[in-house]
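Visitor: Chains as they are written, first to last, in our numbering: chain W, 14 to 194; chain E, 14 to 194; chain F, 14 to 194.
Just so you know, the hints here were simulated from the structure itself, not pulled from any lab data. Accuracy of the hints is not assured; some may be wrong.
Each pair may be met inside one copy or between any two copies, as identical chains are not told apart.
[Said to hold, decoys possible] In silico SDA-like cross-links for lysine to any residue, where the CA-CA straight-line distance does not exceed 25 angstroms:
| id | residue 1 | residue 2 |
| --- | --- | --- |
| 1 | Lys-121 | Asn-66 |
| 2 | Lys-121 | Thr-108 |
| 3 | Lys-121 | Asp-75 |
| 4 | Lys-121 | Ile-16 |
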Amino acid sequence: MDIIHILDLIGTFVFAISGIRVASRNDMDIFGATVVGFVTAIGGGTVRDLLLNNHPITWMADITYPLVILAAVPFTFVMGKRLNNFSKTLFIFDTIGIALFTIIGMEKALSLGLSPFIAGLMGMITAVVGGVTRDVLCREIPLIFRKEIYATACLAGAVIFYVGLEFNLPNNLNYLITTAF
Amino acid sequence: MDIIHILDLIGTFVFAISGIRVASRNDMDIFGATVVGFVTAIGGGTVRDLLLNNHPITWMADITYPLVILAAVPFTFVMGKRLNNFSKTLFIFDTIGIALFTIIGMEKALSLGLSPFIAGLMGMITAVVGGVTRDVLCREIPLIFRKEIYATACLAGAVIFYVGLEFNLPNNLNYLITTAF
Amino acid sequence: MDIIHILDLIGTFVFAISGIRVASRNDMDIFGATVVGFVTAIGGGTVRDLLLNNHPITWMADITYPLVILAAVPFTFVMGKRLNNFSKTLFIFDTIGIALFTIIGMEKALSLGLSPFIAGLMGMITAVVGGVTRDVLCREIPLIFRKEIYATACLAGAVIFYVGLEFNLPNNLNYLITTAF
Numbered sequence: 014m015d016i017i018h019i020l021d022l023i024g025t026f027v028f029a030i031s032g033i034r035v036a037s038r039n040d041m042d043i044f045g046a047t048v049v050g051f052v053t054a055i056g057g058g059t060v061r062d063l064l065l066n067n068h069p070i071t072w073m074a075d076i077t078y079p080l081v082i083l084a085a086v087p088f089t090f091v092m093g094k095r096l097n098n099f100s101k102t103l104f105i106f107d108t109i110g111i112a113l114f115t116i117i118g119m120e121k122a123l124s125l126g127l128s129p130f131i132a133g134l135m136g137m138i139t140a141v142v143g144g145v146t147r148d149v150l151c152r153e154i155p156l157i158f159r160k161e162i163y164a165t166a167c168l169a170g171a172v173i174f175y176v177g178l179e180f181n182l183p184n185n186l187n188y189l190i191t192t193a194f
Numbered sequence: 014m015d016i017i018h019i020l021d022l023i024g025t026f027v028f029a030i031s032g033i034r035v036a037s038r039n040d041m042d043i044f045g046a047t048v049v050g051f052v053t054a055i056g057g058g059t060v061r062d063l064l065l066n067n068h069p070i071t072w073m074a075d076i077t078y079p080l081v082i083l084a085a086v087p088f089t090f091v092m093g094k095r096l097n098n099f100s101k102t103l104f105i106f107d108t109i110g111i112a113l114f115t116i117i118g119m120e121k122a123l124s125l126g127l128s129p130f131i132a133g134l135m136g137m138i139t140a141v142v143g144g145v146t147r148d149v150l151c152r153e154i155p156l157i158f159r160k161e162i163y164a165t166a167c168l169a170g171a172v173i174f175y176v177g178l179e180f181n182l183p184n185n186l187n188y189l190i191t192t193a194f
Numbered sequence: 014m015d016i017i018h019i020l021d022l023i024g025t026f027v028f029a030i031s032g033i034r035v036a037s038r039n040d041m042d043i044f045g046a047t048v049v050g051f052v053t054a055i056g057g058g059t060v061r062d063l064l065l066n067n068h069p070i071t072w073m074a075d076i077t078y079p080l081v082i083l084a085a086v087p088f089t090f091v092m093g094k095r096l097n098n099f100s101k102t103l104f105i106f107d108t109i110g111i112a113l114f115t116i117i118g119m120e121k122a123l124s125l126g127l128s129p130f131i132a133g134l135m136g137m138i139t140a141v142v143g144g145v146t147r148d149v150l151c152r153e154i155p156l157i158f159r160k161e162i163y164a165t166a167c168l169a170g171a172v173i174f175y176v177g178l179e180f181n182l183p184n185n186l187n188y189l190i191t192t193a194f
């Protein structure tokens with residue numbers, strides 16, 4: 014279990030929390046909130062894997078992902094409003110999650126021999142599809158289309174990672190630089 | 014044509030009717046209602062087959078499914094408001110459809126060697142994606158996220174079916190017990 | 014680069030413009046508008062390719078498609094309200110795009126040995142999924158479910174093309190007749 018996998022699971026956890034919170038805010042019951050949490054957390058990676066014909070889908074092969082998401086349900090409900098005190102922390106993890114999901118998506122696509130341009134698109138799909146689906150299910154106008162910070166995090170992740178690749182940075186170092194930024 | 018296939022087609026028919034009715038209630042024309050009927054009836058199975066990389070997609074290989082859905086269009090419009098008198102029957106079939114779709118999804122996943130946990134998720138996806146997409150297309154808050162009965166039917170289907178498997182019940186018997194419940 | 018490919022790219026361009034315009038009208042920023050433009054233009058073909066297990070997805074193999082869509086972004090914003098003067102032209106291209114996307118979808122399905130009925134469904138999916146997703150993302154009731162002209166264009170495309178096939182018309186001629194109609 015390397016650093017990337019751990020960061021990926023943290024990103025999944027934070028994305029699931031965001032889905033559960035938006036769902037609860039829209040008066041969904043716990044089942045609905047769980048579904049929205051799942052979709053938010055794995056939607057992007059799933060669409061990416063389908064587009065890349067990359068089977069089995071990541072979360073179907075590695076059961077840690079669904080378990081992390083299920084763990085986010087009681088966590089979110091127990092924490093309740095107290096999570097608001099951590100909104101800045103959540104926001105930072107959310108942004109880290111987006112940048113990280115972008116990088117993971119790009120790397121998968123590059124490793125399959127796709128061009129950097131298409132790989133960049135795959136990265137963005139990985140990062141944004143989950144949140145967009147969450148907002149569609151909860152009937153909110155997708156946040157990412159309104160808050161430039163998300164798009165910027167996503168684009169920055171892609172560009173920095175690609176520059177890093179070009180300069181032949183060691184992979185893990187590259188991940189850390191991009192995410193830290 | 015065994016009992017499961019017939020129940021599956023009945024479930025498809027009832028799901029299509031529910032899609033067509035929700036669409037009509039939202040002032041869609043007959044073309045829109047047909048599309049929503051299709052998506053409601055085959056959405057879940059399609060997403061499941063894509064996730065499982067199970068090609069050809071069920072309804073593309075067995076033309077009975079689209080034909081049953083097309084048959085539901087004139088049926089629903091001819092019956093019109095009279096369907097309200099059967100709302101209890103429709104509700105029962107709807108619940109049966111959900112339990113049944115859950116089981117069929119689970120079985121497909123188990124037969125491909127997936128773990129029971131992932132198979133359970135596949136079952137739920139088969140059962141709920143159609144109805145959720147119907148509600149998104151018609152701009153209603155997804156029903157399944159609000160009416161616990163649906164989630165319960167779905168979960169019960171999964172658990173009972175799995176317990177049945179463990180006890181090595183004959184397959185068809187297991188199907189009937191689960192659905193009857 | 015034959016005539017069909019050029020028409021396909023024009024259809025992609027016009028679909029992207031329609032996505033960008035609907036998004037802008039709903040106060041999305043330029044990033045959101047670009048995403049909606051992409052989804053509108055390639056959504057239908059992507060879902061068709063996934064259903065047909067036709068990899069790589071068309072726009073991932075031929076980078077011209079994403080480039081045409083990216084080009085539509087500055088074009089739409091520079092033209093701005095002046096595009097309203099061309100609304101009739103845009104509408105014609107839109108209709109041509111729908112008929113053409115229907116034909117391309119049908120042809121792909123037929124070339125993979127599917128029955129004409131399923132191929133017709135694939136054609137319609139290619140033609141309508143993009144526009145429907147655009148409307149869902151922008152929270153408008155899907156246009157195609159309300160304006161019969163679209164459904165008609167789509168159906169006419171399918172039927173005429175199939176009749177043409179039956180009579181063994183040369184392929185390119187058949188394309189032109191169908192689209193012109």
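Visitor: Each hint: holds or not?
Guide: Each hint tested on the structure:
1. Taking identical chains as interchangeable, the C-alpha atoms of Lys-121 and Asn-66 lie at most 25 angstroms apart whether they share a chain (11 angstroms) or sit on different chains (18 angstroms).
2. In this assembly of identical chains, Lys-121 and Thr-108 lie within 25 angstroms of each other by CA distance solely inside one copy; the values are 20 angstroms within and 37 angstroms between copies.
3. In this homomeric assembly, Lys-121 and Asp-75 come within 25 angstroms of each other (Cα to Cα) both inside a single copy, at 16 angstroms, and across copies, at 19 angstroms.
4. In the homo-oligomer, the alpha carbons of Lys-121 and Ile-16 lie at most 25 angstroms apart inside one protomer (17 angstroms), although the nearest pairing across protomers, at 35 angstroms, exceeds that limit.
Hint check: no violations occur; every hint is consistent with the structure.
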